[in-house]
Amino acid sequence: MEDVIREKEPLTWGKGIRDGLPICLGYLSVSFAFGMMATQGGMSPWVALLISMSNLTSAGQVAGTALILSGGLYLEIAVTTFVINIRYMLMSLSLSQKIDGAMGTLQRLALSFGVTDEIFAVSMQQKGELGARYLSGLMLTPYLGWSAGTLLGATATGLLPAAVRTALNIAIYGMFLAIIVPPARHSRPVALVIAIAVAMSCLFRWTPGLNRVSTGWVIILCAVAASAFAALRYPVHETEAQA
Amino acid sequence: MTEPRVFISILIMAGVTYLVRMLPLVIFKKKITNRFVRSFLAYVPYAVLAAMTFPGILYSTGSVSSAAFGLLTALVLAYHNKGLLTVALGASAAVFAAQQLLSLAGMQ
Numbered sequence: 001m002e003d004v005i006r007e008k009e010p011l012t013w014g015k016g017i018r019d020g021l022p023i024c025l026g027y028l029s030v031s032f033a034f035g036m037m038a039t040q041g042g043m044s045p046w047v048a049l050l051i052s053m054s055n056l057t058s059a060g061q062v063a064g065t066a067l068i069l070s071g072g073l074y075l076e077i078a079v080t081t082f083v084i085n086i087r088y089m090l091m092s093l094s095l096s097q098k099i100d101g102a103m104g105t106l107q108r109l110a111l112s113f114g115v116t117d118e119i120f121a122v123s124m125q126q127k128g129e130l131g132a133r134y135l136s137g138l139m140l141t142p143y144l145g146w147s148a149g150t151l152l153g154a155t156a157t158g159l160l161p162a163a164v165r166t167a168l169n170i171a172i173y174g175m176f177l178a179i180i181v182p183p184a185r186h187s188r189p190v191a192l193v194i195a196i197a198v199a200m201s202c203l204f205r206w207t208p209g210l211n212r213v214s215t216g217w218v219i220i221l222c223a224v225a226a227s228a229f230a231a232l233r234y235p236v237h238e239t240e241a242q243a
Numbered sequence: 001m002t003e004p005r006v007f008i009s010i011l012i013m014a015g016v017t018y019l020v021r022m023l024p025l026v027i028f029k030k031k032i033t034n035r036f037v038r039s040f041l042a043y044v045p046y047a048v049l050a051a052m053t054f055p056g057i058l059y060s061t062g063s064v065s066s067a068a069f070g071l072l073t074a075l076v077l078a079y080h081n082k083g084l085l086t087v088a089l090g091a092s093a094a095v096f097a098a099q100q101l102l103s104l105a106g107m108q
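Going line by line, the protein sequences match chains A and B. Just so we're aligned: 219 in our numbering is position 219 of the first sequence, and the numbers increase by one with no gaps anywhere. Just so we're aligned: 39 in our numbering is position 39 of the second sequence, and the numbers increase by one with no gaps anywhere.
Careful, some of the hints might be misleading.
Straight-line alpha carbon distances no greater than 30 angstroms define the calculated DSBU-like cross-link-like pairs of lysine-lysine that follow [to be verified]: (1) B:Lys82 - A:Lys15; (2) A:Lys127 - A:Lys98; (3) A:Lys98 - B:Lys82; (4) B:Lys82 - A:Lys127; (5) A:Lys15 - A:Lys127; (6) A:Lys15 - A:Lys98.
Hint data in this document are derived by calculation from the structure and do not stem from the laboratory.
Start from the sequences and build out the full structure, keeping to the hints where you can.
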């Protein structure tokens with residue numbers, strides 16, 4: 001998103017649609033991989049589509065779906081979804097300072113559904129206050145891409161050769177790396193957070209006994225420990241908190 | 001896989017996700033001032049994504065060796081600030097190439 005130029009172009013619905021296009025393309029391939037993962041686990045394509053259309057998250061719904069497929073408890077699903085998506089609280093909070101102060105509660109209720117990492121990143125790069133028109137456009141194209149990609153991936157599972165299917169399984173992880181690696185280059189605390197989380201996650205996976213703890217709880221433990229440690233040791237400045 | 005348990009689970013996921021996004025936008029008009037909470041929330045996405053990626057990425061493909069090749073490719077691309085799409089597809093292409101090479105070499 002670094003190359004998005006701060007233009008003075010009015011923030012219309014059409015500009016939102018256009019700004020959403022690159023996100024839409026990125027989501028297509030990632031949700032394609034999600035759709036494949038869901039149906040390969042025995043889920044029907046329509047259920048996979050329902051998950052994408054009602055959740056619109058990458059990491060959160062991947063972890064939730066994995067828990068559904070492995071028979072996770074409702075509480076485990078709820079807590080995992082909450083902890084993985086807790087970052088949206090900060091994004092929505094930052095966004096609440098950025099949107100048109102006159103925006104009504106109904107519009108806020110509707111638009112909050114579409115707060116994702118990428119949509120948040122693009123919104124915050126715009127100049128001035130954000131209106132409902134721009135935001136709804138910016139959310140629509142990625143939403144369509146996320147849904148269409150899921151259905152395509154879920155139904156194409158049988159059509160694609162096994163070698164291509166297994167190769168595409170890494171796509172979601174590739175997207176995660178594209179989100180965390182660039183900030184880690186410039187911020188020592190972020191690099192440290194990642195290192196702690198990776199080390200802990202590997203420890204849980206490879207230590208006999210500890211590897212019985214389910215993935216959902218492992219993510220929660222790693223994220224809370226690494227983030228709390230870094231928050232104590234490297235509290236962020238006001239301006240950094242939105243990065 | 002269409003039993004009620006699945007739909008209740010999806011409802012829980014969607015409900016929790018929506019509440020997390022909606023509540024701050026609708027309720028909080030003022031900034032959070034607690035520095036620890038702000039810092040904690042700022043670091044959470046990196047920790048979550050890192051814990052999800054490692055070591056899971058190594059088991060995401062047919063073999064650990066092809067996944068490792070995909071991981072290396074993704075790291076190099078991400079390090080050079082390539083976009084989400086480029087990194088995701090680049091890693092997949094690398095895994096595909098590694099699988100073909102490994103099967104040619106009779107290692108798989």
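Quick rundown of the hints versus the structure:
1. A distance of roughly 23 angstroms separates the Cα atoms of B:Lys82 and A:Lys15; the hinted pair therefore holds under the 30 angstroms criterion.
2. Straight-line distance between C-alpha atoms of A:Lys127 and A:Lys98 comes to about 9 angstroms, which keeps the hinted pair within the 30 angstroms bound.
3. For the hint linking A:Lys98 to B:Lys82, the alpha-carbon distance of about 27 angstroms falls within 30 angstroms, and the restraint holds.
4. At most 30 angstroms may separate the alpha-carbon atoms for a hinted pair to count; B:Lys82 and A:Lys127 meet this at roughly 24 angstroms.
5. For the given pair, A:Lys15 sits about 13 angstroms from A:Lys127 by alpha-carbon distance, which is consistent with the 30 angstroms threshold.
6. Between A:Lys15 and A:Lys98 the alpha-carbon distance is near 17 angstroms, which keeps this suggested pair within the 30 angstroms criterion.
Violation of the numbered hints given earlier is absent; every hint is satisfied by the structure.
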